[in-house]
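Participant: Chain by chain, the residues:
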Amino acid sequence: AQSVTQPDIHITVSEGASLELRCNYSYGATPYLFWYVQSPGQGLQLLLKYFSGDTLVQGIKGFEAEFKRSQSSFNLRKPSVHWSDAAEYFCAVGPNSGGSNYKLTFGKGTLLTVNP
Amino acid sequence: NAGVTQTPKFQVLKTGQSMTLQCAQDMNHNSMYWYRQDPGMGLRLIYYSASEGTTDKGEVPNGYNVSRLNKREFSLRLESAAPSQTSVYFCASSEAVPGIGSQYFGPGTRLLVL
Chain A
28 AQSVTQPDIH ITVSEGASLE LRCNYSYGAT PYLFWYVQSP GQGLQLLLKY FSGDTLVQGI
88 KGFEAEFKRS QSSFNLRKPS VHWSDAAEYF CAVGPNSGGS NYKLTFGKGT LLTVNP
Chain B
-15 NAGVTQTPKF QVLKTGQSMT LQCAQDMNHN SMYWYRQDPG MGLRLIYYSA SEGTTDKGEV
45 PNGYNVSRLN KREFSLRLES AAPSQTSVYF CASSEAVPGI GSQYFGPGTR LLVL
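Residue numbers (our numbering), protein chains in the order written: chain A, 28 to 143; chain B, -15 to 98.
Next comes chain A alone, as it looks inside the complex (with noise of 0.2 Å):
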């Protein structure tokens, strides 16, 4: 079964600041992995996503990830963080195959305070 950690609960970092969230993930083959954005009170926004390809994909807001295969691990980057970057973010697996298996695997989520 496909599982997602997010080792860090919650980061704070100043502004301005680089930003590295962590995500690893358990799957069998190759997945699909997305990161998603949620600032307080609504819904999930997709900040970005690999099918396959380049393992560095970039995404909205000035954030990237990169897919490291060897290490199971997708993380976030973002080399200087915005006071408007503070939210709730959570990595999130799908399997790559076609046929009838739609479901999405999400983390717990870690959540980031930015200071001033």
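Heads up, some of the hints might be wrong.
[Said to hold, decoys possible] Heads up, simulated BS3-like pairs for lysine-lysine below, C-alpha to C-alpha not over 25 Å straight-line: (1) A:K130 / A:K76; (2) A:K130 / B:K(-2); (3) B:K55 / B:K41; (4) A:K135 / B:K55; (5) A:K95 / A:K135; (6) A:K88 / A:K135; (7) B:K(-7) / B:K41; (8) A:K135 / B:K(-7); (9) A:K130 / A:K95; (10) A:K95 / A:K76; (11) A:K130 / B:K55; (12) B:K(-7) / B:K55.
[Stated by the list, open to error] Here are the simulated distance ranges between beta carbons: (13) A:E42 / B:S51: 19 to 29 Å; (14) B:G24 / A:G43: 24 to 34 Å; (15) A:S66 / B:N46: 45 to 55 Å; (16) B:L96 / A:G43: 19 to 29 Å; (17) B:G37 / A:T39: 46 to 56 Å; (18) A:S99 / B:K(-2): 43 to 53 Å; (19) A:Q72 / B:P23: 38 to 48 Å; (20) A:Q69 / B:D10: 11 to 21 Å; (21) B:N(-15) / A:S111: 18 to 28 Å; (22) A:T57 / B:N(-15): 43 to 53 Å; (23) A:I87 / B:N46: 17 to 27 Å; (24) A:E42 / B:N54: 24 to 34 Å; (25) B:L96 / A:S79: 26 to 36 Å; (26) B:G(-13) / A:H109: 18 to 28 Å.
These are computed hints drawn from the structure, not numbers from a lab. All C-beta atoms, glycine included, are put in the ideal place defined by N, C-alpha and C.
Position chain B relative to chain A; hints supplied.
Facilitator: Chain B alone, transformed into the frame defined by chain A:
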């Protein structure tokens, strides 16, 4: 393009009452999903519908039923609400058949069961 819409935004129920959460999408997506979000638990899949006319159980289906009314609409019903169903409920839809595509989420319904 409204994307994924959910009604109501907020609801308070008493134990034993029933209600239906409504979800609609205007992106012509085939697949739709219902999740619940609880503090420290992330999102857990309740039910999903891979295509119009089909529904399947997710991780936490007990106490819920769903109806895929047509391609646009996917409703979630609580027949006899319990305090354990206090949660935030999200509907999502996705593109790209076959296989899995990016899921797009609605704004959520906050449900309190007393």
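Participant: Need the list of violated hint numbers for this structure, in ascending order.
Facilitator: Those not satisfied are hints 2, 4, 13, 15, 16, 19, 22, 23, 24, 25.
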